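Protein chains in written order, with this note's numbering: chain A, 1 to 539; chain B, 1001 to 1539.
Keep in mind that the hints were calculated from the coordinates and are not lab data.
The model shown is predicted, which means the values in this text are computed figures rather than measured ones.
In this text, a Cβ means the ideal position worked out from N, Cα and C, and glycines have one as well.
A couple of the hints might just be wrong.
Cut-off 30 angstroms, straight-line C-alpha distance, at most; resulting in silico cross-link-like pairs (DSS-like, lysine-lysine) [stated by the list, open to error]:
#1 B/1511 - A/529
#2 A/355 - B/1108
#3 A/349 - B/1529
#4 A/340 - B/1341
#5 B/1532 - A/349
#6 A/532 - B/1355
#7 B/1355 - A/529
#8 B/1529 - A/355
#9 A/10 - A/493
Restraint-style ranges between C-beta atoms, simulated for each label pair [stated by the list, open to error]:
#10 A/26 - B/1331: 12 to 22 angstroms
#11 B/1098 - A/331: 27 to 37 angstroms
#12 A/539 - B/1025: 37 to 47 angstroms
#13 A/538 - B/1228: 53 to 63 angstroms
Protein chains: 2
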Amino acid sequence: MVVTRVRDGKEMASTVIAYPDGVIDERLPGGPKLEPDWALQNPRDYLVVLEKGVPKALKEAKVKAEDVVGIGTDFTASSPLPTRRDGTPLCFLKEYRKQPHAWVKLWKHHAAQPEANRINEVGRERNEDFIRIYGGKYSSEWFLSKLLQVLDEAPAIYDAMDRFIESADWIVWQLTGEEKRNTCTAGYKAMWVKGRGFPSREFFGALHPRLENVVEEKLGATYYALGDRAGGLTPFWAQKTGLREGTPVSIGNVDAHVAVPACTVVEPGSLVMIMGTSICHMLLGTERQMVEGMCGTVEDGIVPGFWGYEAGQSAVGDIFAWFFEHGVPDYIHRQARQEKKPFVSVLEKRAAALKPGESGLVALDWWNGNRSILVDVDLTGLLLGMTLATRAEEIYRALIEATAFGTRTIVDAFDSKGIKVEHLVACGGLPEKSPLLMQIYADVTGRDIKLADPLQTCSAVGSAMHGAVAAGQAGGGYDTIYEAAKHMAKVQKLTYKPRQTAHEIYDGLFKEYRALHDYFGRGANDVMKRLKAMRRNAQ
Amino acid sequence: MVVTRVRDGKEMASTVIAYPDGVIDERLPGGPKLEPDWALQNPRDYLVVLEKGVPKALKEAKVKAEDVVGIGTDFTASSPLPTRRDGTPLCFLKEYRKQPHAWVKLWKHHAAQPEANRINEVGRERNEDFIRIYGGKYSSEWFLSKLLQVLDEAPAIYDAMDRFIESADWIVWQLTGEEKRNTCTAGYKAMWVKGRGFPSREFFGALHPRLENVVEEKLGATYYALGDRAGGLTPFWAQKTGLREGTPVSIGNVDAHVAVPACTVVEPGSLVMIMGTSICHMLLGTERQMVEGMCGTVEDGIVPGFWGYEAGQSAVGDIFAWFFEHGVPDYIHRQARQEKKPFVSVLEKRAAALKPGESGLVALDWWNGNRSILVDVDLTGLLLGMTLATRAEEIYRALIEATAFGTRTIVDAFDSKGIKVEHLVACGGLPEKSPLLMQIYADVTGRDIKLADPLQTCSAVGSAMHGAVAAGQAGGGYDTIYEAAKHMAKVQKLTYKPRQTAHEIYDGLFKEYRALHDYFGRGANDVMKRLKAMRRNAQ
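Isolated chain A, as found in the complex (with noise of 0.2 angstroms):
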């Protein structure tokens, strides 16, 4: 949660609440065990978050409540809840407590896999559009397979909820009392399409017979573009957060998408990566184009005027988390011992010490399956090339040039379309940890990056941008996102810039990434889900 100067971006005051009931996989609190591949949220923490933390951002900015002029929130996406028609979710009511069904199913939850195969078969069978929209597979990370999952295991769930809603749409829901859903999350993870809305309830009713007309009875037919104004904020609201009643509320807004105009992005070219555990990736393009993989090309999904891309790599930082637990041998922390110095400093220094292509090893970075452009959840690492003399900072350096050569991989599925990237800006917690992989990034890709400021909090920073934008220039901020950006995004002066030589080493190297990705990634060799089909067996 952050406080922003609308004149020139200033960060004002930065506060973390954390959510009490965090990520729920293990079991529901207070109920059942979950089974596996599950992931919720209890939405009660996100109310909580708000009655603890804008008081508390307030006083550390020394800011006065007339002088909020907006208020501006994301989410991720897509995390949908079941509601009554007063906006309750259901997993408040005692009657409902105990059922997973009933509470927010958080983006990573994995457990509609089924669901996401018969979308994709009827889309497929009935030619449906989203299926070039969403690069050739519907998530079963997105809104419906989550819905038709609820409606499949819990009928008496789907019976009980009058909606199925965003998080992102609910909490502003809850804040001016107006159910009023986005453009974004509908576009990217629900098959909403500007001037057409949703499939045709032959779609839905294909799908499942109850489903036909979903979209009237638990969806609603009217969206939101960013920036607008949703309403503004109840008394209820404003008496729990010290913030005056009435204050502009902008629609709400998905995490990643809302950091590209932070990182100073409003125009095509400049491809915005939120690196962090995952990354994501966001371009603008000035027409719609199907490239291969994507998450989703929505028209205005990002900002007005454009068609917003979205792709992303399902595990980055998350592998080196990986690495760091499982794969670094005691020899790196003696040293670090020796040097006083935590081990990951020890492990980056010396990988840093290597030279392109002298590790001698290459990886495919599908720890946790490939988002973009395979989109394959079954889809599993790889490492090769390992000798006597491996070490451990060679395969550090190797799971490093291999998220790097999935972003490449994205990079050239833009431009074998036309859609053109020029350079990268990055944001998130990732770039900060470690400059050997924004060099590497940069060698890899070709493409100068620069670094957002603050890094961080963009998603932060952007959600302001959009505050500034639902009070308008006449509430004291700013009536487009483009004038919001000219005025409160900035980048940082570092610039990583690629180095020639090590660029086209790693363009060889590049070259064999691209033979094992289509080797084992588009049906030569299906060995790893094999495999995951052999341990799911085993267990």
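Assemble chain B onto chain A, guided by the hints.
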């Protein structure tokens, strides 16, 4: 060094004397730095060991010199050295001491690859028999590659040497004063064939004009069968060792080959595995078959009356040692400290708790290239199937399984030519270290595995058995190796038996291994070679 009782094979004493100079792979003692891939030994070390070790072993065994009926020796091969006509190694002479080519080239000296390539090229052009005898490729580790390297790189040394001889034969020459070379090293490492001798002088001339008469000039044409009596101990060596002058000394032998009768194997059907840092596989057959990727097929090469097949895996224990050093994370070490156990036991126990297929991983065991059946030193390791949930013990188990698949590949190669492998007999250092490994080998190959007794000194026992045969029954020994085996060789009671369910699951996993083996090992994707080249260029 062992003292073994002729009557029943009982080990009366076992002594190890370390080579003072060990493996010389960085710089010559007091001399210049060696190039990469060089590995030498000092022949003086072999003499020191005899001088110190024999009296020590006799004392420990409480055996009198007159009760020693015979002496047998075995050596690594091919480990040749250049000498004067009287047997003096060139490296003992002041003028050659600082010349690396004057020393023993140890079996794992890998710097003669260009020479091996030329030998194979010329061999294939001329359709020489040896190409088939050695499974399609003559190795850089072998006798003639090393000889040709001397001629290529140090013609002065080539001129100065009167003899180029295996250390196995040189030591017998020292002990007896007789230069009587053995058929085993000649057959497995130097293209010699029973009844036909070496390839033609035209072949040698095609390799290098100066090699045309090498057999007559430097090697000699007469070769002696294993177990033959080379001669009696010289007065000089009787005095040095405390043994009787004239004690029968058997013809030289190779460490792996000599172990076979010590494992009780003197007939076809039993595959002997000498398991340590690498594995040597030895099998007897009733006929000559060309089996893919064998290291050699030699008539009477292991036991008289049978064709001796040799195959091998170039890294097994070495891969685990690599993993122990470079891949074991902190939580294993932590648990080891808590339980006050060696970390390897903790790893072993955790790996043993996994079911076949449960790791979801498969590896290619090529950390040091592939000896059989692909015969390619430029292949490298692969690990596939990692997820964010993969743990260290799963990787360890996948590495064990990969080496077992390597052995299964060799077993299948024999099988496909009708050379039956009914069960396995293991000796060497590895079987005792890892019961898990032995069970996995039984499960993967679907065959019983027996263990030699003693396990670790089986080569020494085999040498002793050959010493007894050199003595003959009249001299207090045995007339044949069959008789010696009947009385002196033993296996343990413990037999590892394949478990049906595990065998079936491993059949599936082995199919995946073989698909990857063929894809990366037979030219469909030479990424491993290209990465190795890239690595060399980067350094």
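Hint consistency between residue 1532 of chain B and residue 349 of chain A [alpha-carbon to alpha-carbon, up to 30 angstroms]: Roughly 23 angstroms between the alpha carbons, so the hint for residue 1532 of chain B and residue 349 of chain A holds.
Satisfaction of hint between residue 1355 of chain B and residue 532 of chain A, Cα-Cα up to 30 angstroms: holds, 14 angstroms
Agreement of residue 1529 of chain B and residue 355 of chain A with the hint, judged by alpha carbon distance not exceeding 30 angstroms: With a Cα-Cα distance of about 18 angstroms, the restraint between residue 1529 of chain B and residue 355 of chain A holds, given a limit of 30 angstroms.
Given hint residue 1108 of chain B paired with residue 355 of chain A - CA-CA distance at most 30 angstroms: The hint holds at about 28 angstroms.
Residue 26 of chain A versus residue 1331 of chain B beta-carbon gap, inside 12 to 22 angstroms or not: Given range 12 to 22 angstroms: holds, Cβ gap about 20 angstroms.
Pair hint residue 349 of chain A and residue 1529 of chain B, alpha-carbon separation not exceeding 30 angstroms: With a Cα-Cα distance of about 28 angstroms, the restraint between residue 349 of chain A and residue 1529 of chain B holds, given a limit of 30 angstroms.
30 angstroms limit on alpha-carbon distance, applied to hinted pair residue 1355 of chain B and residue 529 of chain A: holds, 18 angstroms
Range hint 27 to 37 angstroms (beta carbons of residue 1098 of chain B and residue 331 of chain A) holds or violated: holds, 35 angstroms
Holds or violated: residue 340 of chain A to residue 1341 of chain B, with C-alpha atoms at most 30 angstroms apart: holds, 27 angstroms
Outcome of range test on Cβ distance (residue 538 of chain A, residue 1228 of chain B; 53 to 63 angstroms): 54 angstroms Cβ-Cβ, so the 53 to 63 angstroms window holds.
Proposed proximity, residue 493 of chain A with residue 10 of chain A (alpha carbon, max 30 angstroms): Holds, at about 16 angstroms.
Pair hint outcome, residue 1511 of chain B versus residue 529 of chain A [Cα-Cα no greater than 30 angstroms]: Holds, at about 14 angstroms.
In the structure shown, no violation is registered for any of the earlier numbered hints.
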